[in-house]
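Same order as they appear, the protein sequences are chains A and B.
Residues in the first sequence are numbered from 2 upward in steps of one, following our numbering.
Residues in the second sequence are numbered from 756 upward in steps of one, following our numbering.
Each hint should be verified, as a subset may be incorrect.
Claimed, not checked - Pulled from the structure, derived: some chain B residues nowhere near chain A, Cβ distances all over 10 Å: (1) A825; (2) A872; (3) F1049; (4) G1073; (5) N1274; (6) H1371.
To be verified - Think about it this way: if two alpha-carbon atoms lie no more than 27 Å apart in a straight line, the pair counts; the simulated BS3-like pairs of lysine-lysine are: (7) A:K69 <-> B:K1040; (8) B:K875 <-> B:K864; (9) A:K163 <-> A:K69; (10) B:K969 <-> B:K1040; (11) B:K821 <-> B:K912; (12) A:K258 <-> A:K211; (13) A:K64 <-> B:K1197; (14) A:K289 <-> A:K252; (15) A:K289 <-> A:K258; (16) B:K1197 <-> A:K69; (17) B:K969 <-> A:K289; (18) B:K1040 <-> B:K963; (19) B:K963 <-> B:K767; (20) B:K1197 <-> B:K821; (21) B:K912 <-> A:K289.
Claimed, not checked - According to the in silico footprint, chain B covers these stretches of chain A (three or more CB under 8 Å from chain B): (22) 97-105; (23) 361-374.
The hints are simulated quantities; they were obtained by calculation from the structure and are not laboratory data.
Think of the CB as a built atom: it goes at the ideal place given N, C-alpha and C, for glycine as much as any other residue.
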Amino acid sequence: MASLSTHIVTLGAENLSWWERFWFRESGSTFADSTDAVYNYIFWVSAIFFIPIVGMVIGFGIKYRRSKVGEVAEVSPSHNTALELSWSVTPAILMAIMFFWGFKAYLSKLVAPVDAEPIYVTAYQWGWNFDYADGYSTNEFEEIAANPESPIIPVQVGKPYKMIMTSRDVIHSFYVPAFRIKRDIFPNRYTVLWFETTDRITHYFDEDDKSVVAIDPDRPGYYLFCAEYCGDQHSQMAGRIATLSPEDYNKWLEARKDTSGINLIELGELVARKNGCFQCHSVDGSAKQGPTWENLYGSEVPGWSPSAAVAEGATPGVAERGYIVESILYPNEYARPGFAIGQMSSFLGQIEGRELDAVVFYIKSLSGDFAAQAEQEAAAELEQQLSETEGDG
Amino acid sequence: MGHHDRPYYASKETLWKTIWSWIYTVDHKKIGVMYLCAVLLMFFLGGVFAMALRAELWEPITNVTKQVQAEVQATDDAGRLVYENGAEVLVPVLNDDETPVLDADGEPKVEPKKNDAGQKVNAEGEPLGDPVMTPEVDADGNPVYEEVIEREGELFKGWTSESGTVNSNNVYNRLFSLHGTIMVFLFIIPAIPAALGNIFLPIMLGAKDVAFPKLNLGSWYIYIIGGLFAVYSLIAGGVETGWTFYTPYSTSTNWGSVTSMVLAAFILGFSSIFTGMNFIVTVHKLRVPGMGWFDMPLFIWALYATSIIQVLATPVVGITLLMLVFERTLGIGIFDPALGGDPVLYQHFFWFYSHPAVYIMILPGFGIVSELIAVHSHKRLFGYRAIAFSSIGIAAVSFLIWGHHMFTSESPSANVVFSALTFLVGLPTAIKVFNWTSSLYKASISWTTPMLYAAFFIFCFTIGGLTGPPLATLATDIHLHDTYFVVAHFHYVMMGGTVLAFLGGLHHWWPKFTGKMYNENWARLASILVFIGFNITFFTQFFLGTQGMPRRYATYVPEFELLHKISTFGSWVLAIAFLMHAVVFAFSLAGGRRAPRNPWGGLTLEWYADSPPVEHNFSHEPLLTHGPYDYDLVVPPGWDPADYPLPDPEAVARAHGH
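Okay, chain A solo, but in the shape it has when bound (with noise of 0.2 Å):
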């Protein structure tokens, strides 16, 4: 039994004591271990009330159990206020404990401290987008309960991040459960959370594949999950926190910001994960919410004019640049039929540029009597724009 085995990895993580293994995952960030000594104190409470409890049910009913017609309970008095206070009271100074202790350990999550580093998180349905201070994106991957476009999330060994985040559509809730904290994300409103990581580093920086690999495959960094029911693929919304060395995080950093040496198509696919618009169209023709990429390119699109914004050029009822995209950006100006208006949110200000560009170019090579004509294109643009570099040079 797979699962089976793969549980015991977790639970037989070195660095954790018995009792973590037993109640929680390993903690990954510096307030983790304030918030479990506050639940064991709780859980210690607990027991110390439980176990007589159900000692004195078992006991009783054992002890004064009726074995046969006639007989009758005891005289006992059915009223003592000192042990009817004495069990009021106990209990109120021990829940006080619990409220200032929890009151405390909240404190440190709630407020960040001043040189936090700031990455601004998008939530979407079914997905996020983590914008760095430096306006890069993270663009890295993984398969995570089955979505294979699970972004990972690089940050720096120890030192403190600050989440400003905000909804696209509806309420979602970043949740890192090794970090111990959680907050919900709205839309029309920024929500902020805080952590620093523990020391532990998880991945390293590949330079030959310019990407983020973890070190043990076996405990590879921490999930991010959302936390707030949010519809269909809820559940897929997942993420991953990776801890890197100051020196291959600023490695990895630069190395991101660079996409000008990518072709425009490869480009296109990795803007189109990384802003999930693979939640809803496909690429091999299969049904999703949206209209499938595949042959999307060339085709009819009976009705459709373009708006003022992309008319320069564009043909009406033919899916062409313009077409495409007036679909990005004002994507409720228009639907195929057979797909309704509103499904999805326009993208606006965050795909432009050479990425809007490669959107299109990515698109036009899933239509087969495209495809030969959109490689050779994005083969030729990527050749004078690495000339004009050297020209620059």
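Use these hints to put chain B onto chain A, whose structure you have.
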């Protein structure tokens, strides 16, 4: 034997008159029995959804890459593509002047023959149908393989949602939403007050009926109308918003039949309010002469506290749900930010009702457990007044702590206030548990099914109660919020508490309102299985929660698989146990032994009535001669004094300080 001496459910002269006597009845017992049938049906329905969703969680959904032999469309010897109804027929392509079109090599161009509809046809003109596929081989005749990604672990494979997404998630999302909605609004809220409460509140007060019998019937029909809206919603595709209908998800999703379900909850609210009003007035005005407030059975105290919450809190959720319907249907922005509303406002409104509603669900359970312990251990309850006042205390505090459902969404300052207030509700609850346990001291405990359920209740409810503080404490709730820890916690309270108390109460009063005994040994076995199955199912979920498994997840990461499997296994044990209970009850109705007036030796007034009671409950108006739990002073009605030797009255007086 006159007309007034017959059982309340006795049939009339004709079948039609018998049916009419039920649908037009104002008898609280008949209305209660009808409620009981309805809530049991709903419990069954909600249970079926629960079983299905646990089955879905048996294994996670995974993408598995597989090597499969590639297939190509078969061709015949002439190289033509082969279909179901034969090979395609190639015909020359003609120009407008009927001359053949030539290709680059000067050969005539050919194309498959088609009919007017554009379908390819065979020589006889019939459509060709689907292509015939054959394994692909390469030039050397070796099979060609290709990689395909297959989804595994999908229980509801291939189901398509109305929005076009093909996966089993949307089926799961409907299952958990329907399970929650049905269990909360159609089962657990009416289960004890409207069914058992309706039957026994007037009898225990020594009254002939509730204060407003017609209003009582009205509330039953309103319940049925609300139920029909819910059933319509179910048939029309179900809801996938969760039972909480959080905006803006519940207003943005344009499929399913959310509006109908929200209206159902709105309508059911009125049924709840009417029952509550009726009970409050009945308790105030219709107590048998001589019964003071502290002579009332504790079940009545609990129902009284419940009724106060029903009357005060339910209108808030009514208005909230109505606003939601307006927003959905008319586009008026109240909660949806896209329309200028505020989704957190919805959460405040919703929980302002739904937190007190938690106590609508559990307080009647407390009441039942007090009765079960007293009657089945023939013991004066320890701290009667403390138990009675704690019910009222819980009802009062329940209005002040709704914000603890929103620690991850509301303002941090509100969090601090609600965290502190939440601990207040722990006190009266703890006091009740201590009192019940102490009551067993020097008792005479008869381990009947109801008493077993009382003990199971104390076990499960105490776990449910003690897992409240980690959720009330801010630092720990931030981790545990919206995880399986919460799911386990509220199932230990709602199911381990209310449902176990309900089942205990059902067995306790079954002989009284049906007039038949049930098979004690089989019922005991079933109750033990319920207890075991329940704990297997839900105790595992505490670990899932602390380890970070979020709730409302159709699939999960592999680390959680083992615990989910154990939990699903427990749900099977539960299902078998509930079926056993159903069979035991069916046998009892069909051929159960005739129930005596007072099988358990209870002292409250219902044990003075016949089993089953007559239409107006008592043949003669009862006289109140003792308190509800004076087991050391009174021989239970219908019992032989030789079988119940009373203790020395002086010792009793000394013990109680008189």
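Hints, one by one, checked against the model:
no.: 1; hint: A825; verdict: holds (15 Å)
no.: 2; hint: A872; verdict: holds (19 Å)
no.: 3; hint: F1049; verdict: holds (12 Å)
no.: 4; hint: G1073; verdict: holds (23 Å)
no.: 5; hint: N1274; verdict: holds (20 Å)
no.: 6; hint: H1371; verdict: holds (33 Å)
no.: 7; hint: A:K69 <-> B:K1040; verdict: violated (41 Å)
no.: 8; hint: B:K875 <-> B:K864; verdict: holds (17 Å)
no.: 9; hint: A:K163 <-> A:K69; verdict: violated (70 Å)
no.: 10; hint: B:K969 <-> B:K1040; verdict: holds (17 Å)
no.: 11; hint: B:K821 <-> B:K912; verdict: holds (18 Å)
no.: 12; hint: A:K258 <-> A:K211; verdict: holds (11 Å)
no.: 13; hint: A:K64 <-> B:K1197; verdict: holds (8 Å)
no.: 14; hint: A:K289 <-> A:K252; verdict: violated (38 Å)
no.: 15; hint: A:K289 <-> A:K258; verdict: violated (32 Å)
no.: 16; hint: B:K1197 <-> A:K69; verdict: holds (16 Å)
no.: 17; hint: B:K969 <-> A:K289; verdict: violated (53 Å)
no.: 18; hint: B:K1040 <-> B:K963; verdict: holds (12 Å)
no.: 19; hint: B:K963 <-> B:K767; verdict: holds (21 Å)
no.: 20; hint: B:K1197 <-> B:K821; verdict: violated (68 Å)
no.: 21; hint: B:K912 <-> A:K289; verdict: holds (15 Å)
no.: 22; hint: 97-105; verdict: holds (count 7)
no.: 23; hint: 361-374; verdict: violated (count 0)
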